[in-house]
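**Student:** As a plain string of letters, each chain reads:
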Amino acid sequence: MLKTFPKGGIHPPENKLTADRPIVILPVPSQVTVPVSQHIGAPAVPVVEKGAAVKAGQLIAQAKGFVSTNIHSPVSGKVNKIDTVVDTTGYKQTAVVIDAEGDEWVETIDRSAALVKEITLSREQIIERCQQCGLVGMGGATFPTHIKLTVPAGKKCDMLIINGVECEPYLTSDHRLMLEKGAEVLTGVSIIMKALGVENAVIGIEANKPDAISQLTELAKDFKGITVQPLKVKYPQGGEKQLIKACTGREVPSGGLPVDVGVVVQNVGTSFAVYEAVQKNKPLFERVVTVTGKSVKNPGNFMVRVGTPVTALIEAAGGMPDDTGKVVNGGPMMGKALAITDVPVTKGTSGIIMFPADASKRAEVMPCIRCGKCSSACAMGLEPWLISVLGQKAMYEKAEQEKITDCMECGACAYTCPAKRPLLDYIRLGKATVIRMARERVTK
Amino acid sequence: MSSTVLLTIAMLSALGLLAAIILYFVAQKFRVVEDPRIDTVTEALPGANCGGCGYTGCRAFAETLVKSTSFEGLNCPVGGAETMGKVAVILDRQPVAVEPKVAVVRCNGTPDNATRTSYYDGAVSCRVAHSLYGGQTGCQYGCLGCGDCVAACKFDAMYMDPVTQLPVILDEKCVACGACVKACPRSIIELRKRNKKDRKIYVSCVNRDKGGPARKACKVACIGCGKCMKVCPYEAITMENNLAFIDSFKCRLCRKCEPECPTGAILEIGFPVKEAKPAEPADAAVN
Amino acid sequence: MSNILNVSPSPHQQSAETTRKLMLGVVIALAPALAASVWYFGLGAIIVTLVSVVSCVAVEYLIQKFILKTKPSVSDGSAIVTGLLLAFNVPSNLPVHIIIIGAIVSIGVAKMTFGGLGNNPFNPALVGRVFLLISFPVQMTSWPVPSGFNTGYTDAVTGATPLAIMSEGIKNGEAVSALMEKIPSHMQLFYGYMGGSMGEIAAVALILGGLYMIWRKIITWHIPVTILLTVAVFTGILWAVDPTKYADPLFHLLTGGIMLGAIFMATDYVTSPMTAMGMIIYGIGIGVITVLIRTWGAYPEGVSFAILIMNSFVPLLNMYIKPKRFGKEVKHG
Numbered sequence: 001m002l003k004t005f006p007k008g009g010i011h012p013p014e015n016k017l018t019a020d021r022p023i024v025i026l027p028v029p030s031q032v033t034v035p036v037s038q039h040i041g042a043p044a045v046p047v048v049e050k051g052a053a054v055k056a057g058q059l060i061a062q063a064k065g066f067v068s069t070n071i072h073s074p075v076s077g078k079v080n081k082i083d084t085v086v087d088t089t090g091y092k093q094t095a096v097v098i099d100a101e102g103d104e105w106v107e108t109i110d111r112s113a114a115l116v117k118e119i120t121l122s123r124e125q126i127i128e129r130c131q132q133c134g135l136v137g138m139g140g141a142t143f144p145t146h147i148k149l150t151v152p153a154g155k156k157c158d159m160l161i162i163n164g165v166e167c168e169p170y171l172t173s174d175h176r177l178m179l180e181k182g183a184e185v186l187t188g189v190s191i192i193m194k195a196l197g198v199e200n201a202v203i204g205i206e207a208n209k210p211d212a213i214s215q216l217t218e219l220a221k222d223f224k225g226i227t228v229q230p231l232k233v234k235y236p237q238g239g240e241k242q243l244i245k246a247c248t249g250r251e252v253p254s255g256g257l258p259v260d261v262g263v264v265v266q267n268v269g270t271s272f273a274v275y276e277a278v279q280k281n282k283p284l285f286e287r288v289v290t291v292t293g294k295s296v297k298n299p300g301n302f303m304v305r306v307g308t309p310v311t312a313l314i315e316a317a318g319g320m321p322d323d324t325g326k327v328v329n330g331g332p333m334m335g336k337a338l339a340i341t342d343v344p345v346t347k348g349t350s351g352i353i354m355f356p357a358d359a360s361k362r363a364e365v366m367p368c369i370r371c372g373k374c375s376s377a378c379a380m381g382l383e384p385w386l387i388s389v390l391g392q393k394a395m396y397e398k399a400e401q402e403k404i405t406d407c408m409e410c411g412a413c414a415y416t417c418p419a420k421r422p423l424l425d426y427i428r429l430g431k432a433t434v435i436r437m438a439r440e441r442v443t444k
Numbered sequence: 001m002s003s004t005v006l007l008t009i010a011m012l013s014a015l016g017l018l019a020a021i022i023l024y025f026v027a028q029k030f031r032v033v034e035d036p037r038i039d040t041v042t043e044a045l046p047g048a049n050c051g052g053c054g055y056t057g058c059r060a061f062a063e064t065l066v067k068s069t070s071f072e073g074l075n076c077p078v079g080g081a082e083t084m085g086k087v088a089v090i091l092d093r094q095p096v097a098v099e100p101k102v103a104v105v106r107c108n109g110t111p112d113n114a115t116r117t118s119y120y121d122g123a124v125s126c127r128v129a130h131s132l133y134g135g136q137t138g139c140q141y142g143c144l145g146c147g148d149c150v151a152a153c154k155f156d157a158m159y160m161d162p163v164t165q166l167p168v169i170l171d172e173k174c175v176a177c178g179a180c181v182k183a184c185p186r187s188i189i190e191l192r193k194r195n196k197k198d199r200k201i202y203v204s205c206v207n208r209d210k211g212g213p214a215r216k217a218c219k220v221a222c223i224g225c226g227k228c229m230k231v232c233p234y235e236a237i238t239m240e241n242n243l244a245f246i247d248s249f250k251c252r253l254c255r256k257c258e259p260e261c262p263t264g265a266i267l268e269i270g271f272p273v274k275e276a277k278p279a280e281p282a283d284a285a286v287n
Numbered sequence: 001m002s003n004i005l006n007v008s009p010s011p012h013q014q015s016a017e018t019t020r021k022l023m024l025g026v027v028i029a030l031a032p033a034l035a036a037s038v039w040y041f042g043l044g045a046i047i048v049t050l051v052s053v054v055s056c057v058a059v060e061y062l063i064q065k066f067i068l069k070t071k072p073s074v075s076d077g078s079a080i081v082t083g084l085l086l087a088f089n090v091p092s093n094l095p096v097h098i099i100i101i102g103a104i105v106s107i108g109v110a111k112m113t114f115g116g117l118g119n120n121p122f123n124p125a126l127v128g129r130v131f132l133l134i135s136f137p138v139q140m141t142s143w144p145v146p147s148g149f150n151t152g153y154t155d156a157v158t159g160a161t162p163l164a165i166m167s168e169g170i171k172n173g174e175a176v177s178a179l180m181e182k183i184p185s186h187m188q189l190f191y192g193y194m195g196g197s198m199g200e201i202a203a204v205a206l207i208l209g210g211l212y213m214i215w216r217k218i219i220t221w222h223i224p225v226t227i228l229l230t231v232a233v234f235t236g237i238l239w240a241v242d243p244t245k246y247a248d249p250l251f252h253l254l255t256g257g258i259m260l261g262a263i264f265m266a267t268d269y270v271t272s273p274m275t276a277m278g279m280i281i282y283g284i285g286i287g288v289i290t291v292l293i294r295t296w297g298a299y300p301e302g303v304s305f306a307i308l309i310m311n312s313f314v315p316l317l318n319m320y321i322k323p324k325r326f327g328k329e330v331k332h333g
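Line order of the protein sequences matches chains V, R and H. Quick note: the first sequence uses the numbering used here, first residue 1, plus one each step. Quick note: the second sequence uses the numbering used here, first residue 1, plus one each step. Quick note: the third sequence uses the numbering used here, first residue 1, plus one each step.
There may be inaccurate statements among the hints.
[Said to hold, decoys possible] The calculated EDC-like cross-link candidates involving lysine to aspartate or glutamate, where the alpha carbons are at most 20 Å apart (straight line), are: (1) 324/H <-> 83/V; (2) 210/R <-> 83/V; (3) 219/R <-> 148/R; (4) 322/H <-> 83/V; (5) 21/H <-> 364/V; (6) 393/V <-> 148/R; (7) 216/R <-> 251/V; (8) 420/V <-> 121/R; (9) 216/R <-> 397/V; (10) 322/H <-> 251/V; (11) 324/H <-> 364/V; (12) 328/H <-> 406/V; (13) 328/H <-> 402/V; (14) 322/H <-> 406/V; (15) 322/H <-> 402/V; (16) 361/V <-> 121/R; (17) 324/H <-> 87/V; (18) 155/V <-> 329/H; (19) 71/H <-> 364/V; (20) 328/H <-> 83/V; (21) 92/V <-> 240/R; (22) 420/V <-> 17/H.
[Stated by the list, open to error] Cβ pair distances, simulated, as ranges: (23) 227/V <-> 119/R: 43 to 53 Å; (24) 227/V <-> 115/H: 52 to 62 Å; (25) 170/R <-> 256/V: 50 to 60 Å; (26) 4/H <-> 208/R: 23 to 33 Å.
It should be emphasised that the hints constitute simulated quantities derived from the structure, not laboratory data. Just so we're clear, the structure is a prediction, and the values are computed from it rather than from any experiment. C-beta: ideal position from N, C-alpha, C; glycine also.
Isolated chain V, as found in the complex:
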């Protein structure tokens, strides 16, 4: 029986062009640029200097403060420099540039491919290992995993939900991971269950991945407490609040966190990274990235080292098509458009989509016809036509009353709008200011 979230949602074309392309390991590039901020929170501080010799998996930047995490070298070689480079946002940040030599990994990492099912670490050790290995949420949010796995005092957690939904069109990296590394993913889920102290885990997978659903359902028989829940294909099913609602019926309160309703959500890719960190002692320095697009010659899913230039990924996919007008880092609904492609892959890069020119420009903006389709599409029960205008006209108090902070910036409203109004652009602006104002009120 297919479950779903009750309100809102849209059905953009799925375009899963790479769903049946197995993961290809991209060769180590000659030079990597590793940004020190690939996560939510304070950027890490470099602990290596120019000229230092490093191995893959070696710590090169240390977490700073509570909400932060470590960065590890993805290659073996010599540190070329520590410099400010343009990252995928177009602004500059500090990065460690390493010239790669060979592919030697830190000795403590278990490089064998054999499945290790037995979990020997204790609950506290698991969380510590996640922190040491620099694990972050791989769905794109990049929230430090060790913080998410630490249930705050006074809150209880009774269920783990694994996000295998991948509701964004085009992206298939989680899909392939579930198909090819299913057992490892489920072991990772068990490890997370132990870290949280829960007995039940549900893996939500959208119905457009029937092979992954049957594969994991079959494998889950050997794991205690894990069930697979097929979900109706509807964007944004992968939003954690919508996922929790669909799988359990619980609604995360406005301004609250999933743990307020006793749930923690983790991405499938994060589960795999947890497996590798806890069972193989491997820090997070590579991930699967989908490179795709209607005109792309060789679209596929690539296992790529963090810090690899996006240009190398594009080359591996057959080069940038001549008619490319837009390159997006992430999915088409929530990803970020790149101004230049000479930027590095980070822990949060789930996909690179190259759009042909006729799909790259926004349509002409027309007046709002007050059709209300944006409000029907909003999965959070908001009124995008209203909060967008409030953000544009800087009416922040009213915007806060209209719950602009509940917006998860999924883009369903702007996708739906027949007048092609840039609704989300102004909602984001209003939201950022309202959050800042609310924070200032608290600190006063």
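For this one, chain V is given, so just place chains R and H on it according to the hints.
**Tutor:** Chains R and H alone, transformed into the frame defined by chain V:
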């Protein structure tokens, strides 16, 4: 006259009288005692309610003026010295001389000078573009060209030049209210001292990158070499974060710095042309 | 990589639906009703429709280009829809100059003075229609009888509408059952064999159009169903109380402009509420006011006034009726 008409007149008059009496007593009961000078000062102010003084409208400014004891820090840029003089007479106080100012756009990143490396296709708003990414050029500090400043100007003193993609300020209309300064998310516009004949000398750049990347992004960027600072006889030029800044209140318009600048980042406006220069910036020598 | 890339905030895809396509969908939905009116009223129907559409488009174009000095936006199709709906609200023998005045009021006064598309509080076609009704009462209430396709225009044979026959008759004290003899049967009313304005006669054509619009996701069921249900229930109660004084609900649903109003006029995006609950309250209000005017008011038909009255409540409905928010409010201590 028929009795109906008489009755109607009497009824309406009685109602009117009743309303007048009620209104009078209510007005007396809820009267707000105010310094009567607030009204006179408000009348002397321009009434534009532009916020250039820093207060929410002319009446709020009038209240502050009446309550304070001196004119320190209180100035109406729209009305200028003439209005402040009138207010000084009403309040029987000494006016404080304030230097008139004008808004200046400190960026010369035209498409010729700063090559476009991407096209911005989002909502036409500088705030949105600024929060999205560095911009259409290699310079992440420069003007985004969406016109938030032009929209903020209440005095019709600005327009966006479609060729240079930079905002243009009409000096004769600018009242230095500061609305455009606040609207720009990158603080590119500055209120500088207004000189006679609207002459200006300023560094038309806010790029804080080192010289190499700055120059690579824009031909007329300030590369932070410091040559201008060395020749200034009045110590009006300071250098911070690879960017030179000419203090408009110390500058005496001697024009020694302008030829020193290797990239042409320093612009001199309103002066007679000296001699032909090889790399003429886009809007120099406007007479 | 020498491509210069486009950069914009997300989302990077937009749906294929546009304002123009929505308007075109409404025009397609009106096609059966247009065909029916041409079938029943002949050349007059064609002339009135053409004049109305052309005038509305022309008025919008001229105002935008020469008075407002902005880029004309007639290509979005909204003026065409207004022109069609205005035509459907008037008799097929209406003289050309009156239609043009109606277009000037609809587009010029009811739409452009408020700021153009998206900013008008009242339904433009209805404002035009009501203005014409009050200014030209004779021409606006002389209804051609359906006589098959003919080439008459302003000289068409006219007669009273079923609704007028009913309301006049009831006021004169005649029994409803006697009056029903003078009126075509329900089946004939359903297919449009009755006098009336061009668009309101053929219920079957209008319902077809409405179903098309719901399938195409141009409108939702809330407004039309609520209006028709309310009218049916209210008139049903009255009819149950005294069948000699009040006509049956099916009669009320099939006569007058209630079908046209419920399916095409009240569902206008700009002037209707944005939330489902708001739409339901709006629909109930229109239904109630329509029946009140039909039964106790001076005019035999009340849909136009009912919709315009409820239009004025829409901002209030939008302000106070909010969609159900996801997640309860968390009170931070």
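**Student:** Does residue 83/V sit within 20 Å of residue 210/R, going by the straight-line distance between their CA atoms?
**Tutor:** holds, 12 Å
**Student:** Verify the CB-CB distance for residue 227/V and residue 119/R against the hinted window 43 to 53 Å.
**Tutor:** Holds, at about 48 Å.
**Student:** Residue 4/H and residue 208/R, beta-carbon distance inside 23 to 33 Å?
**Tutor:** For residue 4/H and residue 208/R the Cβ distance comes to about 25 Å; the hint holds.
**Student:** Between the alpha carbons of residue 219/R and residue 148/R, is the straight-line distance 20 Å or under?
**Tutor:** Status violated; Cα separation ~25 Å.
**Student:** Quick one, are residue 420/V and residue 121/R close enough, alpha carbons at most 20 Å?
**Tutor:** Holds, at about 12 Å.
**Student:** Between residue 322/H and residue 402/V, does the CA-CA distance stay at or below 20 Å?
**Tutor:** holds, 9 Å
**Student:** Given a hinted range of 52 to 62 Å, is it respected by the beta-carbon distance of residue 227/V and residue 115/H?
**Tutor:** 55 Å Cβ-Cβ, so the 52 to 62 Å window holds.
**Student:** Can the restraint linking residue 322/H and residue 83/V be considered satisfied, given a maximum Cα separation of 20 Å?
**Tutor:** Answer violated: residue 322/H to residue 83/V is near 50 Å, above 20 Å.
**Student:** Next pair to validate is residue 155/V with residue 329/H; report whether the Cα-Cα distance is within 20 Å.
**Tutor:** holds, 17 Å
**Student:** Taken at face value, is the distance from the CA of residue 402/V to the CA of residue 328/H at most 20 Å?
**Tutor:** holds, 14 Å
**Student:** Take the C-alpha atoms of residue 92/V and residue 240/R, compute the straight-line distance between them, and say whether it is at most 20 Å.
**Tutor:** holds, 19 Å
**Student:** Does residue 406/V lie within 20 Å of residue 328/H when you go C-alpha to C-alpha?
**Tutor:** holds, 11 Å
Checked against the numbered hints given earlier, this structure breaks hints 1, 3, 4, 7, 9, 11, 17, 20; the rest are met.
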